[in-house]
Amino acid sequence: MAEPTSSGDSFSVLPISIPPLPSFPFPATHHVFLRRNAKILTAEDSRSLFLVNVPVDSTEAHFRAVFASLVGAGRFEGITFEHDKRATNSSIEPAQAARLAAHSKKRKREDEEAQRAQEEAAAQLPPAWSRPLHRSGSSAVVLLADEKSVESVLKAVKKLQKSKKFPVWGEGVGDKAPPLGPQWLKAHNKLSYPGSDAMQASVDAYFTLYNKKEVEAADLAKRMRNEPDEDGFITVTRGGRIAPAKQAEAEEAKRRMLEREQKKRDATQNFYRFQLREKKKAEQAAFLNRFQEDKEKLRMMRERRGNFRPDR
Amino acid sequence: MESSVAKRRKLGHSGVFPFPNGTSSSSGASAFVEAAGELLKDVKLDYAKTFDGVDEILRQFKDTIEAIEPHESLPIGDASTKFEKANRIPIPYPSPRPNKNSNYKLSIAKPAQVNVVGSYQLKTMIKSQTGLAIDMIVVMPAQLFQDKDYLNCRYFYKRSYYLANIAACMRKSFGTTMEFTFEGLHGNNLLPVLVARPKGEASYAIRVIPCAPEDIFPSAKLLPTTNAVRQGADAESKSAPKPTPFYNATLRAESQYTAYLRLLNSTAKSCGAFKDACILGRIWLQQRGFGGSISEGGFGHFEFAVLVALLLQGGSRKGEPVLSPSLNSTQLFKATVQFLAGTNFQKKHLLIIGPLPSDPSTIRQNNPTLYDSARELNILWKMAPWSANLLQQQAKWSLNASKDNTFDQFDSEFIVKVDQPLQMYDLLLKVELPSTTEFLDMSNYRGLGWDFSEKLYQVLKKALGDRVELVSITMPKSTALPISASKTTTPTSSSLLVGLILKPETVNRRIDHGPSAEEKEESSRFRNFWGDEKAELRRFQDGSILECLEWEKDSTVSIPEQIIRYISKRHLKINDDSLEFYADDFAPIARIGSSDAQNFLAARRALESLEREIRDLRDLPLHVRQIVGTCPELRYTSSQPPLTAKGPPQPMDIVISFEASGKWADNLAAIQRLKIAFLLKIGSSLEESNESIKTHLGLDNADRDTQNLAFLDIVYDTGFAFRLRVQSDAEENELEKVIKDKTRERHVQAEAAELLAISTRLYTYLPLHNQAVATYCMRFATLSASIRLVKHWFNSHKLSCHFNEELVELFVLQAFLKSYPWQTPSSASTGFLRTLHLLSRWEWNEEPMIVDTSDSLEPMTSSDRSAILARYNECRRLDPRLNRNVLFVATSYAQSGTVFTGQGPSRVVANQMTKLARAACELVKAKGAELDPRSLFQSSLRHYDVVIRLDPKVVKALLRDDGIKHSHFKNLDPQTGRPSLPLAERPVKALLRQLNAMYSPALVFFHGGKDDPVIAGLWNQELASHPRTSRVNLPCSFKPIKGDDASLELDRQAMLAEIARIGGDLIEEIDVKDGN
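Residue numbers (this note's numbering), protein chains in the order written: chain A, 16 to 327; chain B, 24 to 1099.
Honestly, the hints are just simulated from the structure, not real lab data.
Each statement offered as a hint is correct.
Taking lysine-lysine pairs in the DSSO-like style, the calculated list, with each CA pair at most 27 angstroms apart, reads: (1) B/K1062 with A/K174; (2) A/K201 with B/K976; (3) A/K310 with B/K150; (4) B/K669 with A/K205; (5) B/K557 with B/K453; (6) B/K686 with A/K227; (7) B/K341 with B/K292; (8) B/K976 with B/K1033; (9) B/K979 with A/K205.
Can you build the whole structure from these sequences, using the hints too?
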């Protein structure tokens, strides 16, 4: 995400007036900070705006309405919230596939990728909330129709400082955004139980995909085992001639070794007089040590409490 | 182990290191000795400063008293009236006053001796003493007395007259600088003394105590078994008069002041540590509320010092000394406490220290006895049986504490104030003293309070039998009177405080079995005691016919209270109005009922049957290893017992684990999906096998799909519902692999560590915790109720959303396991108050809490302990400002110490807890028995910045129908007959979780029980007070400061408006504290 510039100047302030509610009957103004996207990596970045401090209950519909009131309808294409961008789901690939993917340079065809995306979507679990919230103070990126729109939005925001006619939050949204409040909590409970069939379908889709990838990975591994790469090295992969030792067996062997060592140690201890004497010495040293520790503890206690005073 | 080292050192001859002094048994002991040494330094009084100029005053006193005006003998009536007229000082005669026409003669002569005695002279006073008093004895000359003056109070009348004369001449000389009052010495009416207090700031008092010359009366006349108060009635009837032990001992003690002074002084000379041991004893007694005066138990510093001195001379069976003069002060003290703990002063075998008297039977009596035969006095003559019992009990508790090496015993011995009635007793009641003199023993002069208490004690002890551990009675304090005040004739109405320690196993027994009908004598005695209307003859199942009593189990009045009310009315004619019970109403506050135990048991049985059903499923791919509960309902500790709430089924959390298998996937997300597949399988199989089961697969609150994703709710027709989650070893193995893999990025490892902590907590530690707490709830009958009370306290103060229930349970368990300086709590209220006491004293930023939950077979070893301490130190070293882990609570099964404190509380909240616990303990201490338990649970919302009030109606509606509209007409409603969905999450909790996720650092929310309709919040002061300049990575909503474009401040208004929008109709009102 964009780094902060030296001053806050590059941000413009977009005040949004919040209508009062019966439970909190005070008018409030929410301040969204926005600027051009600082990092231009793709073509889309040049026609997008970076927003900070979006309200927690933002939806695409809300911002569509806000931008419509600023520069008219049709300029707003979409919004990506911070929360959506952060990939929350880990890869579906089996561990080996993930390891190998780093080595493999083969690119997939586009239509293949599209199909994969579809399959992955099917493997996702259904959401438990009808309307996700966004962390307070979080950011979002708004995609506009073109670069000109970016200019005009910034201009319109500047004008607002004078005209004081701030866009009103939630105006023109209507029922495009699911309601919050009790209905939202009710819906949450309902969505939390998607039903066995839906879950079964999702799990099935997941494992179809998972198995497919596993097979692909095995193929890839086989290929890489046989083909040296451009530097002439052959990648060592699982599934060669000698199977690696099972983990359980390795642990067992280690335990046995430790046991043997312990036995050896036990047999040679407490045998000679000097050993006993040294042991005694060590014990006494430990004792003195504990005594010192106690003294130290007492000193700490004194420091903390000052004087000892029996409670009244 | 340490002691064996010492032994070996003695046997062998390898004295490499000299052992530090006083480290004979263990390092714990040495720390104790050190701490006691420090304590002694701190409490010792600066005599020069405190008693500046006292010696001069004492000298003047002496001169004044020695210059007393002598006069020849006058008849008592004349002398009294003449004196009272001349000086306007009523003579403090013990009641009944002497007959005016008696022919005793009173005279005054120069005292034989005036001397300073007691702890001032011994220099064993301490700073925290309540009243510093210097005792000055005035030995009256022998010529004032006649041989027969020991009889019928004559000595005491003469003494009072002498005292009044001293008072008169003292007032003449010092009336401007001193205030004079008369006071019964140690609350003994027979012994008025003159107390002089300097006007102004001085904090001490000088007590002028007239006493008898040594051995003026033959000791044979004053043995505990003789009578020295002849009454008209006795003289006529020929029967042997009743002995008057108290009167006799009072008189005997009068002549032994100097003898004891000599004893103490010579002991102080021969044993260097004696004085320090006495000071330790004084602190110990003071913290336990013991004192020399009768109302404080009659065992004070003087008695302790004399006991130590006597034990240095003898005391064992064979007459050898119990203590050796070479011991240090702590050892002397501990050995004396041990002696007190091991001695029953009321047993048949008499305790005599010193040479045996010629006829031991002459000193035998019912009251506690410790006979000093050299001075021929029972030094416990001021003690009642109950206070002797209590003293022994206190000594036992102390001894138990000092046996536990792992515990810092020092505080419990000397620092903690032990005599707080509510912390100590399970049941407290106030008994009004009767106004009649029916129970007064006119000949013994102990006063109505004692005589009545004795009767009450006997009756209660007999009636309650094995239901109680201890009965203790506190008698009213006597008051001081200014010397010129005329004595009020009617004693002010006063009352006794009776404290009971109950035995939880037997206290609520419904039927008491008496003797068999065949034993005529026994059963008639039984009937006599209980009365014919209560005692009844019953035939029992085993064929025996017994007398028995039945008490009402389900009455609002507890069984001990029923018994006390009944029996005291029967034997002591105490009306219900003059009995007042305290602190009995803790349980109803947390809605703890007597039938809750059955509900908890039923829930556990339901789990057992579910386990059987799942094990019987044939088509599961893996064998079931175990199914265990992980929620408070399944360990007797939930604030609401299972099945008692209305509304949708409330699932109880359980965990299923399977045999180890290599078939799990090696990708975390895939393992989670496999778990879902397992749940789906279990659900469909269960529904197939048992028609009364409905299952619902629900989504867990997972942020990532590598966390546990789903649970299975299993709902029985009977109303029981369980929430099943699957444990998989593979998950933990995978996570451990990631953590160990050094090539992974830091953040991946941190995330894996976090996930591992969550999953071990859920699958490993919670089942262990469940088992441990359930076991202890069985062992300690009152633990369950205490835990529920403490949870209610955490709820009422809106702390419970920051404390895991497991953590709270561990607090209470610790209060039960380390109950020093008291006994293990034997009622819910003591368990609750002790937990608060524990929390108030726990300095969590300095020490870990180690709850030793291991059983006695495999106790926690010292290496375990030092490992925990090392972990604690490491934890604090890494995080010195306590940003991550604030509390550190380790148990035998979860030694890492952060398992239950990982998610909170934060430092602010932990501080709040300590503050509240301290305030509660102060209140308990200040109010004593008069405490209204409800006041401990009242919480003010004033100090919160934000208070969000939810609409209880909407909350209720959310609980009632989970989003499905029900029709009024059942036949129209397709949903009828089908069970409603369980609640995935309590709606208020779900809202709170969302709010926490949205505003986490900026607003700290406080919330109590699961459906508490008020959520309170505090703004983060750090964020609120510092304006920020950067607009990126905002922790919460900010707004530009007016007039300063570059800086931002917290946008409270906007955030509250957001909360109002999120809550919608659910929120009734958002209150904001003024100034925000």
